[in-house]
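J.: Each chain, written out:
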Amino acid sequence: MLTVRMSDTKVWKTCMGAIVNLLEEAHFRFTQEGVSMRAMDPSHVALVDFRLPSSAFEEYRVSKPLGLGLSLTELNRVLSRAKSDDALVMEHDEEKNRLLVTFRGTSSRKFSLPLLDLRESELPEPRLQFTALVEVMAEVLQDGLRDSETVGENVRFRVTEEGFFMHAEGDGKSAELRLEKGSAAMPKLKLERSCSSMFNVKYLSDMLKAADPKDVVTVHLGEDLPVKLDLRIAGGRGSLSFILAPRIELE
Amino acid sequence: MRPEDAHWLREVLPPSLLEGITGLRFRRSGHLCLSCRGRGLCGKARCPVLLRAEALARVGRGLSSRVWGSSPPSVFVGRLGYPRVYAGPMLPPYLGDTSLLDAPESWVERSVEEIVGFRSSLVRGKRRERVEAAREGGRFVEMLQEMAMGKQPVEAEVFLSKKPSGFLTLGEEVPPMGPSAPLREMRVSQVRTDERMERAFHDGDLKAQEAVVELYREGVPVSRIQRAFSVGVFGLRDRRRLVPTRWSITAVDAILSQELVERLKDFDTLDEYRVYSLRHHGNLFLAILMPEKWSFDWIESWFPGTTWNPAGAASPAVMGDWEPYQGRRGYPEIGGCYYACRLAVAERLVEEGRQASAVVLREIHPGFLLPLGVWFVRECVRKMLRGEPEKFETLEEALARARTKLTVPLEEWVKHSGLLRRCLFQRKLTEFWRGEHAARKGA
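Protein chains in written order, with our numbering: chain A, 3 to 253; chain B, -3 to 439.
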């Protein structure tokens, strides 16, 4: 049996809205502790790790661990129908093998979605030797990515003693963002040594769609290594992490 | 161009060919052609205008305002004036098995001259119709619909309001077309329709998209589906309309390739890198298939002195468009050929039960005289992929092989290929898990 309820639809909706850009379908695992999902995109470039503890729900009833395969494209279509003050209820209809999604507001609106037979992907935790960590206001990253998008398809992240930098170039154009150490928009900067890596802008901006502009995102960086982005969700109770492989331009 | 401007043709064509020529229509490179008038300034092996004129002159002679012949069957719906468009039949002024005249699937083995020759023999009768006429009826549109569903040539007689004027129309999407004139009246003999089309026609609850997919599955050639699609015989009963021919060609290519792409996403990826190539009528087609999830890139390079890159440019004009696994948003800048190529590629992969990332490149060398329509891309890519590929272990080896065949430097292709850039430069997470990355860096 599974019935979960959240009074704030937005948390679930924004997370799914960001994840759907990477995955068309996903396997969610509901246990007594909470719900989680971990998967790589089809091209093996990005990894999503989503965790929402039972405490993030007003009601959370899961009698035994349960895996649900869902089409994120379909789920998103349904979630787009939610109103901002609706509460979200999700139930598992075991008989018909469906997920029931209900929006409770002025009226109660119920959708029924077929479940997919998906295998849970076994993914090892990548051991990456990050050499820098910064906490940056999501807004800064989102702006920097939008700037980068206007000049090219890649952006270079760089962390030094002086601060955090984003640089993009293409077709003779370039864009740069500087965030000096000590800025209020960067509460934390820790580094073993300076490093930089380049990434596809589109992936990053899709990932950051899940972040509240005023919230802090933790960025783990290394030299020509994947980047790890940790987003706090549901007021810090849950987490949404992304790992993205770098672009390395060879001659 | 005004008819009297054609007088210069008298200097280069024998008088016997000139009868019936009242005008020619040029596109794009018109300025140069006008000042050159067949002297070869454009550097092409044969003057495209003369080539057109010759073929046209052959049929232009002896045409009257009454044309009696066997339509392949063939119909055309224009784009100008939408939603009030020119629609009408196309037929040559003779009887017989003319099906070849409107069957692009059988043209790939033919010479450009032959194709232009038989296309220009098609006289086009045209009449203004509201696009809604497709569902509202009217004898004329009903006749066109029947013709378009015909499975063999249809004997027809058309009365035109004047002698068909000597326009040969060329376009990027549609095959060349012969002279045209406003149509006053049309008579059509009994049409034997294709029962598969007939079924879709009578099913007013079947969406156009579903009808297209179903007919394709039943083996109806793509060009016939496109023909019927343009006269609005498919779709929900109260939504049917005439569709300009060039839109219908792209719509059907897009619908079918989308369906095939969704199907191939269920298959395993290829086991190796493959390189296919085909040289045809001054074109080089080259495909690189990669053992990855589906994605697709189509890039064309027009050399100076080809249709869309008039002489004078210093280097080939390169243009392309691509889509990742999730598909694309928006219409590809490069146009309908994108979908024609995607159809040929997806079709081949579904046949084999595999998926892959595909980069298809096309070099248009100065020997290519005229735009023939996007069927040319579809059929050439189909033909290329029917051939035996060369197989490689790595992308580097495949690219090295491709480099030996291409005239445009590989670096130039990479610059324009979102997909190649991704394959060459985007690392995968799995490399970091297995420690491959460290090994690579150490090496």
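If you're looking for bench data, these hints aren't it; they were derived computationally from the structure. Possibly wrong hints are sitting among the right ones.
The calculated lysine to any residue pairs, modelled on SDA-like cross-linking and capped at a C-alpha distance of 25 Å, are [stated by the list, open to error]:
1) A:K12 x A:H46
2) A:K230 x B:T426
3) B:K261 x A:H29
4) B:K424 x A:Q34
5) A:K190 x A:L120
6) B:K424 x A:F132
7) A:K85 x A:E26
8) B:K289 x A:S207
9) A:K204 x B:E210
This structure is a prediction, so every number in the text was calculated from the model and none was measured.
J.: Given the hint that B:K261 pairs with A:H29, does the C-alpha gap stay at or below 25 Å?
T.: Distance of about 18 Å is within 25 Å: holds.
J.: Given the proposed pairing of B:K289 with A:S207, does the C-alpha separation stay at or below 25 Å?
T.: holds (22 Å)
J.: For the pair we were handed, B:K424 and A:Q34, check the Cα-Cα distance against 25 Å.
T.: violated (34 Å)
J.: Is A:K12 close enough to A:H46, meaning Cα to Cα at most 25 Å?
T.: violated (28 Å)
J.: Against the 25 Å threshold, does the CA-CA distance of B:K424 and A:F132 hold or violate the hint?
T.: holds (17 Å)
J.: Taken at face value, is the distance from the CA of A:E26 to the CA of A:K85 at most 25 Å?
T.: holds (24 Å)
J.: Does A:K190 pair with A:L120 here, judged by a C-alpha cut-off of 25 Å?
T.: violated (40 Å)
J.: Quick one, are A:K230 and B:T426 close enough, alpha carbons at most 25 Å?
T.: Holds - the C-alpha atoms of B:T426 and A:K230 are around 15 Å apart, at most 25 Å.
J.: Check the hint pairing A:K204 with B:E210 against an upper bound of 25 Å on the C-alpha distance.
T.: violated (36 Å)
The structure fails hints 1, 4, 5, 9 (numbered hints given earlier, in ascending order).
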